Structures are given as C-alpha cells and as structure tokens.
Amino acid sequence: MAVTQLVGAKIHRREDPRLITGHGHYIDDFTRQGAAYAVFVRSPFAHARIKSIDITDASKAPGVAGVYTARDFKGQLAGTHPAAPAFVAEKKYIPERFPIAEKEVCYQGEIVAVVLADTKGQAADAANLIQVDYEELPAVMDTEKAMAKGSPLVHQGAADNISWDLTYTGPEVTEAAFQEADVVVKEHILQNRLAPVPMEPRGVLAEYETYDKKLTIWMSSQNPHFIRLFVSGAMGLKESQVRVISPDVGGGFGSKISPYPEDYLVPALSRLAERPVKWIETRTESLQNATHGRGQYYDVEVAAKKDGTLLGMRMTQFLDVGAYCGTFTAFQACTCLMAGGAYKWKGISARTIGILTNRVPTDPYRGAGRPEATHLVERMVDLVALELKMDPVEIRRKNFIQPTEFPFTQNFGLVIDSGDYDKALDRALELVGYKELRKKQADLRKQGRYLGIGISTWIELCGFGPSAATAPATGGIALVESAQVRVTPTGSVIVYTGTHSHGQGHETTFSQIVADQLGVPYE
Numbered sequence: 139m140a141v142t143q144l145v146g147a148k149i150h151r152r153e154d155p156r157l158i159t160g161h162g163h164y165i166d167d168f169t170r171q172g173a174a175y176a177v178f179v180r181s182p183f184a185h186a187r188i189k190s191i192d193i194t195d196a197s198k199a200p201g202v203a204g205v206y207t208a209r210d211f212k213g214q215l216a217g218t219h220p221a222a223p224a225f226v227a228e229k230k231y232i233p234e235r236f237p238i239a240e241k242e243v244c245y246q247g248e249i250v251a252v253v254l255a256d257t258k259g260q261a262a263d264a265a266n267l268i269q270v271d272y273e274e275l276p277a278v279m280d281t282e283k284a285m286a287k288g289s290p291l292v293h294q295g296a297a298d299n300i301s302w303d304l305t306y307t308g309p310e311v312t313e314a315a316f317q318e319a320d321v322v323v324k325e326h327i328l329q330n331r332l333a334p335v336p337m338e339p340r341g342v343l344a345e346y347e348t349y350d351k352k353l354t355i356w357m358s359s360q361n362p363h364f365i366r367l368f369v370s371g372a373m374g375l376k377e378s379q380v381r382v383i384s385p386d387v388g389g390g391f392g393s394k395i396s397p398y399p400e401d402y403l404v405p406a407l408s409r410l411a412e413r414p415v416k417w418i419e420t421r422t423e424s425l426q427n428a429t430h431g432r433g434q435y436y437d438v439e440v441a442a443k444k445d446g447t448l449l450g451m452r453m454t455q456f457l458d459v460g461a462y463c464g465t466f467t468a469f470q471a472c473t474c475l476m477a478g479g480a481y482k483w484k485g486i487s488a489r490t491i492g493i494l495t496n497r498v499p500t501d502p503y504r505g506a507g508r509p510e511a512t513h514l515v516e517r518m519v520d521l522v523a524l525e526l527k528m529d530p531v532e533i534r535r536k537n538f539i540q541p542t543e544f545p546f547t548q549n550f551g552l553v554i555d556s557g558d559y560d561k562a563l564d565r566a567l568e569l570v571g572y573k574e575l576r577k578k579q580a581d582l583r584k585q586g587r588y589l590g591i592g593i594s595t596w597i598e599l600c601g602f603g604p605s606a607a608t609a610p611a612t613g614g615i616a617l618v619e620s621a622q623v624r625v626t627p628t629g630s631v632i633v634y635t636g637t638h639s640h641g642q643g644h645e646t647t648f649s650q651i652v653a654d655q656l657g658v659p660y661e
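Count along the sequence shown from 1, then add 138; that gives the number in this note's numbering.
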C-alpha cells in the first residue's frame, strides 16, 4: 500500500545503512596532523590534600611534549565550572571547581596533572612516572552520613554538606488533606546511583590557531552549543572564534550534555602547546569520572480516603550532588514538580535537599528527575491500593485528571495542559489483555507460581518554554533552536538544523516532515 503521509509511517531509517555497515564517523576516527595525545593523572583518593607533584621523570620520558599541572592553566582558563541554578534558584553553597585540582582533591578520579606526548602509549607511560604526594583526608560517601552532625566536610564552606535546601510548598498546604484522610501510607524510596556507560566513551580533539585566534573542537557531545558557550568564556574568546563539531555519537543518555574538565583542558593544552591535542576517555575513566545519574532517595507520605480518593502528598528529595555541582545537577529537582503525576491532589508539599559527598558529581541522566517522579508517585499509588485492597487500575481511574479539567494547575503552580488518561490506559490494557493476565495470574498462584503485573502512568514536564521564561533556571543559557530549509534549482531540499542527533534518527524525522510539507520524495 502506498504511503500518503510520511510522518508516523513505518519506514526504514535513512541513517541506518551508514551506521550498521561501519561507515559512521565517531570522535576517535578524527585526527589532525601533528596532534599530541593527552593522558590525565587522577587522584586515587576520594579526599586528599596535594602536598607536592614531581614531574621530573615524566618530563624526560620518550616522546613527551609537555607535562602540566594546575598552575600552568591559571593564565589559560578563567572562572570556575558553571552550575546552572535550574529548579533551585537560591542555592546555599556552590563549591568552586577549577578543571584541574591544585591543592585538594574531593573525589577519586579528580584530575591533578596531564601529559602530552607524540603517541597515546608514550603519554600513558610518562603519566605513570609522575609522583604525587597526598595527605589523605576524611571522606564521606553516603548522603545520610553526610548530613549527620560531626560528619567530615566535603568543602570547608559547606556547613552540614548541604548545597541547597529548598521548599517548593510547605506542609501547611497539605494539612487539610491529611486531616481528612482515612489512611496514610509512608515509604522510603531509593533511586540508586548509576554510571551511564555509553558504548562510545567521551573524547575531545582540539586545534587552536595561534595567529588567527580561532579554536576548533571535535568531540562526542549531545550539545555542542553549550560547549562553545562555556569553553569560549573560560578561554577568553568570543563565541564566533570557537567552532564545535560533534560527529556521530555512540550514546550519551544525558551524560554528554554538560561540559567536563577535559573539555576545557584539551583546548587550553592546544593553545599552550601550539599544536592539536587529542584525548580519548578509557572505559575506566568513563565509569569513574563521567557524571553519574540518579543517586537520590525520598521520604514520602500519601493521604487517602477509604474509597481510594487521593488527598495529599508530602515528599522530601535527598539528592547526592557529589563533590561539586554539575552544570545541570539541580535539574533533577524537577522530580518535586512532577511528583503529582497524572492525578488530582488537594495538596502536595515538596522539598529538595542537595547533599555534597566525596563522589563523582551527578548530572541529568535519561529524564533528569522525571522518571524518578513517576517511580515515586506510581509506587505510592500502588501502596495505597494495596492498603485499601483496591485494583491498581481502578484507583488510577478514580483519581485521573479528566479531559474537561485541563488546563489543570497543581498547588505549586505546575500547569498540566492536556490529556485523556482514561483513554490511554484503556488502550494499554486492551493491548496487553489485562483481564486475561489477571486470570492467568490467579491460576498460576494456585500452583505456587507468581506472575507480576505492573501498572504505571506517565506524564512529563518538557518543552520548558522561551528563553526569557527559562533564563532564571538555566543561568541565562538560551533554550532556542533555529532551522533553515533551502530548495535548490534542481528541486532537491537541504535542511540545516542545530539540533544534535545522538541516536534519535533526525535524518529520518526531518526528511519525513519535509516530504509531507513540500511534497518532495522522501528519498
């Protein structure tokens, strides 16, 4: 049957033949003539004072072009690592973070030195010759212990190891709901820390043109626009002097959005050494130093009537920030805004606490606080259903926001614009054969076998809005996009867009849109 509309049609992706036949171009496929290779020396301790660094033997090693420590970058890089305020506009403490440690390291893997050599092997050999004298300091790795009285401080300026403590809405907004309740269910919900582990680790290739004062960076990044903004500022360059090229990206999951210390150091090294510099992350470095995801837990209580009507929720988010605030760490606090899910509540009180530990920083990972909110609210709805001996489907139906009630505003100001949740749930139940599954579950249970059936709904806060509205949350970073569509004299169409594809299939999607709108063949 002929396809009359491309958007939504089942078609083969345009980019797949290139990628699955090995013709993709990833960061390690790129090099520049005369490039030096960088290997970083990292702290083996979670918390230590740097007493001295001896680079004598490393500097004399074969093929070494230079060995650098923090003081070498003082005139090359300005400012500290950026940390957008996101959903916690008033932070209590943001630790300063230079891309390379000078006096103290605060997590295992923090950079203390870097070697440049003609080959990666020579750089690695020389890095092993660097002698760093550390004085190990007390470290704290657990969020609950970090807040305890007398706990070691990650940074001297952070009392109680708290980066932020913000209440969106206080307990008073839920007081009436809890007074009306027939049942109150409480739970401690954990979201474990994890390493994103993309198939392709990070990598940076930088070439600074000394006389033109122009910088070109090739890197595995989900958002080259952010990198250009931050690196140009740190190096004292205009954005127009910096070009960032992000080729095919072998996975990111959010971990390749924010800038890293290496993203500043490699371009600075190119300017220092007056030659191109390349660095490719090892798998060990990826596991230990790429920002981690999640790492948070919640104390939650929900009030409900005995007929299953949900009344109120009180929740506190305890977020493991790590040793430093990542650029968008605080975006994970949007869990608080999404905690109500698809349901009507008389009141929700939400508080978020960002806790510093001697661990690698956390940053957004696959949803950045929104999947965590779904886990939280759906788990609590299930527990209420269990307490009241209700079917988990029926308790959801009873509390859904109805189509006639949109736009619906939760008590802390989040506006939910549209939806037909009953219809969506009905379709999902139909597709899986829910009634038959329940019957099968009952039959198997008689045999001593247990079949689990889970029900979950999902809505997501996204499309954060125009830059003027989002500037307070992003630290002034514009959330804008532009595109150009050109029709050539031969009738072909060229689409220019700054949206980066790292697995989403943009070549296919944009081709579908153009084919439908302009009436040109998809091919």
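To be clear, the hints were calculated from the coordinates, so they are not data collected in a lab.
Misleading hints may appear alongside valid ones.
Claimed, not checked - Derived pair list, reagent style DSBU-like, types lysine-lysine, alpha-carbon separation capped at 30 Å:
1) Lys148 - Lys230
2) Lys536 - Lys578
3) Lys376 - Lys212
4) Lys584 - Lys573
5) Lys536 - Lys577
6) Lys189 - Lys148
7) Lys352 - Lys230
8) Lys241 - Lys443
9) Lys376 - Lys324
10) Lys287 - Lys376
11) Lys258 - Lys287
12) Lys283 - Lys258
13) Lys212 - Lys283
14) Lys189 - Lys324
15) Lys573 - Lys561
16) Lys324 - Lys352
17) Lys578 - Lys484
18) Lys444 - Lys527
A quick note: this is a predicted structure, and the numbers were derived from the prediction, not measured.
Evaluation of the provided hints:
| no. | hint | result |
| --- | --- | --- |
| 1 | Lys148 - Lys230 | violated (50 Å) |
| 2 | Lys536 - Lys578 | holds (25 Å) |
| 3 | Lys376 - Lys212 | holds (19 Å) |
| 4 | Lys584 - Lys573 | holds (17 Å) |
| 5 | Lys536 - Lys577 | holds (23 Å) |
| 6 | Lys189 - Lys148 | violated (62 Å) |
| 7 | Lys352 - Lys230 | violated (38 Å) |
| 8 | Lys241 - Lys443 | violated (57 Å) |
| 9 | Lys376 - Lys324 | violated (53 Å) |
| 10 | Lys287 - Lys376 | violated (46 Å) |
| 11 | Lys258 - Lys287 | violated (46 Å) |
| 12 | Lys283 - Lys258 | violated (41 Å) |
| 13 | Lys212 - Lys283 | violated (35 Å) |
| 14 | Lys189 - Lys324 | violated (49 Å) |
| 15 | Lys573 - Lys561 | holds (17 Å) |
| 16 | Lys324 - Lys352 | violated (58 Å) |
| 17 | Lys578 - Lys484 | violated (37 Å) |
| 18 | Lys444 - Lys527 | holds (10 Å) |
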